[in-house]
Amino acid sequence: MTGVDKRVSPWLSRRLFLGSTAALIVSGTGAVRALSIGGALPWAPGTATPPTVVRPGPWMFFTADEASAIEAAVDRLIPPDDRGPGGKDSGCAVFIDRQLAGPYGHSEGLYTRPPFMPGAATQGYQMPDTPAARYRAGLKALADYVKATFGGKPFQDLAPADQDKVLGGLESGSIELKDVKSAAFFTLLLQNTQEGYFADPIYGGNRDMAGWKLVGFPGARYDYRDWVEHHNEKYPLPPVSIMGRSDWTVGEH
Amino acid sequence: MARKLPPKDVVIIGLGWTGSILAYELAKAGLDVVALERGPWRDTATDFPPAYAQDELRYAVRLDLFLRPAQDTLTFRNNGSQTALPIRNFSGFLPGNGVGGAGVHWNGQTWRFLPTDFKLRSHLEERYGKGALPADMTIQDWPVSYDELEPYYDRFEKLCGTSGKAGNIRGAKQAGGNPFEGWRSSEYPTPPLKQGLGATLFAEAARKTGHTPFPQPASNLSEAYTNPLGVKLGQCTYCGFCERFGCGNYAKSSPQTCVLPALMRLSNFEARTESEATKINLDSTGKRATGVTYVDTSGGEWEQPANIVLLCAFSFFNVQLMLLSGIGKPYDPQTGQGVVGRNYAYQTTSGVSIILKDKILNPFIATGAHGMIIDDYNGDNFDHSGLGFVGGGYMGAGQTGGRPIQTRPVPKGTPKWGAQWKKATAETYQKAFSLSTHGSSYSYKDCYLDLDPTYKDRFGRPLMRMTFDFHDNELKMSAYLTERLAEIAKAMDPAEMTASPRKGPYNSTIYQTTHNTGGTVMGADPADSVLNRYCQSWDVHNVFVPGGASVFPQNHGYNPTDTVGALAYWTADAIKDRYLKNPGPLG
Amino acid sequence: MRRSLITAVFVCVLSASAAAQSNQSFDRIERGRYLAVLSDCAACHTAPGGKPFAGGLVLQTPFGNLISPNITPDRETGIGSWTDAEFVAALHDGRGHDGKRLYPAMPYPAYTKLSDDDVSAMRAYFKTVAPVSNKVVSNQLPFPLNIRLAMVFWNWLNFTPGRYEPNSGKSAEWNRGAYIVEGPGHCGACHTPKTILGGDNTATPLAGATLQGWFAPNITTDAHKGIGGWSQDDLVQYLKTGTNTWTLASGPMAEAVSHSTSHMSDGDVAAIATYLRDSGVGGSESRPTPVVASDPAMTAGAAIYKDNCSACHKDSGEGEVHLFPRLAGSALVQSDDPTTLARVVLHGTRAVSTARMPTAPAMPAFDWRLNDQQVGAVLTYIRNSWGNAASSVPAETIASQRISLARAP
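Residue numbers (numbering that gives the first Met the number 0), protein chains in the order written: chain A, 0 to 252; chain B, 0 to 586; chain C, 0 to 408.
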């Protein structure tokens, strides 16, 4: 889930299934949610469930200290260079913040019933902790480790080379964090950072489509009929996001 | 206490490919039909319009269209000595949900099985001797032949408007098509898709190395098409958002684009969404079903009486409902007795990733069933003598998109992050391409489905438990196929190449396919099958499982949907032409 | 043909009186049934999911809401107590039971053209419809429109009673087509521009009109804005199946096709086509100068079109027959009034489903994705590309359409 509106409510609030004989099956005690649909394909005007646009603004999940550490980390995982901005300026931390504050952060829709037992690697993640809980614990343990190791400094104040050293230590597992599996936490952080760098900008990362421009991905396009047989030729149009591109604005060229 | 609804002629559990085909055929024949679908209604313009359908995070990573494990999942273990644990987040395979089912987010790869696949055990024993097969391999002949099924394959492909090039029309070989395929009564409904550079280079290399490449049969349509139901589909635009996505412009075949417009016009059909079947009810004799109990999203329980019950859910859940309803004898892996849950099989896939020199591949220009393929190493198309395995698969350049969260290759040895990673990612994206093999998965005594003893779903019902691992036969097969593919890849003169044959153990977290087969197998003998040759329960004659992949006795080296669709039509005809005239066992 | 009708309204007040029985031969009843299809009575008198002809549909009019009455033969709540003469008077004169005046949402200004014999056949049919008890309070108009006597004044201005007069200079087929278009088919109810009082502007018949947030297109022989470019077969296909090589019916016309024209006989559809292609009413044939491609709205519109529209309507604007309407050369796209275009881009629409063309593809809503200026720009682009020429569409037009759609989707 990605902060997408739950689809049932807008449908029920509209003139539901105009033109078909859809109806709620009604029980003795009140309306029941099963929808009976027949007679025609349902249709209600104005129906769409696009993702909610992430707006800049205060952090929704991270504390200020956590956010500073994450911004520093994502900028080492994806450093700025002459090919384009790094993780921080492209909004990866904002992306992770909004994801953790939303359904993803709370493991919504996943199977979260006990018992929780350790299993083989082939059996997948078996812990009760949600991504939000894992970040909270992981960042706390990381902060404690860095503070103890680097003379009281927080991660974000370390020199880039030291930051890289810490991140590398987490990745390899050579740095042990208290009560947190460092390598698993690193994997989660890297995965979410790269998601943010390459997901549609509507989710807060990939600002100005920097991730897409880096590799040459044209984004949320839907028609390449005119280019499928242009072998070995670069696709000519710039990337477009779900919320558009600058060329859509009248009078700004 | 379930409230009882007025009876219907037919109640269908699940409104995906098989459910919608059966609903149309039986409602058209005059029966009063209701379909229960546990997910929501879904339609092109409202649920995946080409304005936000192309959202990799939402659909491919967060899996917006799929079954939520909170609603239903299964437990998994590699073997009987392990404790099965729940799949808390689907990733290795992705069951569908909602109207259209997996037909919404499939790739469109539309393959027939080989004629010899349908008589697999007898064919292999005849050619290689009885001793050639491992003792615990439980493959068996299908109860239908290719010749019997051919008209139904044809019907399903015409429903879809499948794009491709025939290789064998009524025995006459056709240039440009698959020379190994079974005979076809007609050419594909629409011509092949256009190919990109990666597939074109693969095809050249395949020819150079003595193989016969052909375009992959695709239900992503090369041109607009009107199917026999009068429903019109559009032309594929190569947007590269097929698998895991709904198609926004009516170009990929699905229940939505092929069946529902005609089905929903029929006044004797009704769809009930957000309605999850919990049990098939039997009468006091246990030989006849009286209907289905289901639960709506408010927790209200309903009983829908019906004369015929059609189990059209995704394969695991067909097995689960049979077990929970007490239909058929559960399989016991210790004794090999019992049938429900037996012969679970999968698919054995592998890949060769390549980085080419100075090429612009535009990998994002793609469709789900794009690509050039060779079938030289599928089924028994090649001599297995001395190879130490049976089975095979197709292979080729079938890359389905270049969506960058999940498709971002880098050269070997590149760090996973940092400046070098960023540089390598930028420089490799346009030059990298993946080739793949799609191999068979034969059935074994110790690969099966049963009810989990510990974990329950939200209604307190036991989850399905999957016990599965790859066997040596499949791993050897994969190694052999991957070597052949690597030879062709080498002929493409890559800068770098990585061959990754399938290795055990089976890992439920790594996506391979959603071709989960078996568990309610069809067969000629009630001792080794749940269903007879008309996909009818041996035990409860008014329960049918019309062609879901759970009826496959084992899985072959092709994607299942064409066979699923063909069997749906085959069962529909059996019900209309035989069962309605004389309700009772058709075996 | 529309869920709610135009101008003002119709209401039969229901009370008891004796009804006469007449001879009811099957042929006559069947003819009456067919005339009820031609006249599309069910469109207004059958509510969605309701019993046939039992009324209850809300008809939105610019003057307020009316509820369509029950016209089943139920004596208490329907027209079971009406005399034959009262039935005839309702269709021919706009006067209901006990002489009460109907509001012209009931298209009696068109039905007055029906022959006496046809009205009598319809009467025979409606006597056989299953009676349904469904009490409808039709008149919910504000003062002074709720006073039926006001319709005397309206009728004096807008209503010319009288049967259809054949044109002896034209073929029988042409005359049949004219009869259906002007009489039972009441095409002008939507397609003829209205006066301020909601009467037909008789100077410009069938030249297109706006109602309920839709523009009912120009169906004169104007080659640019009307159906002058459509062949006989194009018209026949459209009326029979809801789609042809140019377009697909949606909105109110989808209902007209679904309930009425797709059920018409081949002969009657051909007659309508013959008449419309030779109706004698044409436009000015004037062609505006296209907006230049360098206009900022055109360049932005081109980018928006490529990224939002081309996956279905194609770069060439030709669309896909029976699936995605053709924009290049489309008269509707080049209409003076962009109401339908704005509506369809903002809220989407679903095309009609008919037995022969069941697909009913839908246009998605773009109101969440494109702002007013962007919708205006892309409409300006499609109205002025591929040889099209029409006025540009300002953002203000889209803004007001957005507001009215939010009120009544």
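These are computed hints drawn from the structure, not numbers from a lab.
Only a predicted model underlies this, so the values are computations on that prediction, with no experimental measurement involved.
Yeah, the Cβ is synthetic: ideal placement off N, Cα and C, and Gly gets one too.
Keep in mind that the hints are not guaranteed to be accurate.
[Claimed, not checked] Residues from chain A that keep clear of chain C, each with C-beta distances beyond 10 Å, as calculated:
#, residue
1, Trp42
2, Thr148
3, Phe149
4, Lys177
[To be verified] Label-pair restraints from in silico Cβ distances:
#, chain 1, residue 1, chain 2, residue 2, range
5, B, Ser297, A, Thr62, 32 to 42 Å
6, B, Leu585, C, Asp116, 27 to 37 Å
7, A, Lys233, B, Glu203, 18 to 28 Å
8, C, Pro393, A, Pro237, 21 to 31 Å
9, A, Thr148, B, Asp135, 23 to 33 Å
10, B, Lys580, C, Pro47, 54 to 64 Å
11, C, Ala388, B, Asp492, 45 to 55 Å
12, B, Gly459, A, Asp161, 51 to 61 Å
13, B, Asp492, A, Asp225, 20 to 30 Å
14, C, Thr288, A, Pro55, 37 to 47 Å
15, B, Glu495, A, Thr148, 37 to 47 Å
16, B, Asp527, A, Lys233, 54 to 64 Å
17, A, Asp161, B, Glu222, 38 to 48 Å
Here's how the hints hold up against the structure:
no. : hint                            : verdict
1   : Trp42                           : violated (4 Å)
2   : Thr148                          : holds (49 Å)
3   : Phe149                          : holds (47 Å)
4   : Lys177                          : holds (46 Å)
5   : B:Ser297 x A:Thr62: 32 to 42 Å  : holds (39 Å)
6   : B:Leu585 x C:Asp116: 27 to 37 Å : violated (58 Å)
7   : A:Lys233 x B:Glu203: 18 to 28 Å : holds (22 Å)
8   : C:Pro393 x A:Pro237: 21 to 31 Å : holds (27 Å)
9   : A:Thr148 x B:Asp135: 23 to 33 Å : violated (54 Å)
10  : B:Lys580 x C:Pro47: 54 to 64 Å  : violated (38 Å)
11  : C:Ala388 x B:Asp492: 45 to 55 Å : holds (54 Å)
12  : B:Gly459 x A:Asp161: 51 to 61 Å : holds (53 Å)
13  : B:Asp492 x A:Asp225: 20 to 30 Å : holds (29 Å)
14  : C:Thr288 x A:Pro55: 37 to 47 Å  : holds (44 Å)
15  : B:Glu495 x A:Thr148: 37 to 47 Å : holds (38 Å)
16  : B:Asp527 x A:Lys233: 54 to 64 Å : holds (57 Å)
17  : A:Asp161 x B:Glu222: 38 to 48 Å : violated (60 Å)
When each numbered hint is compared with the structure, violations occur for hints 1, 6, 9, 10 and 17.
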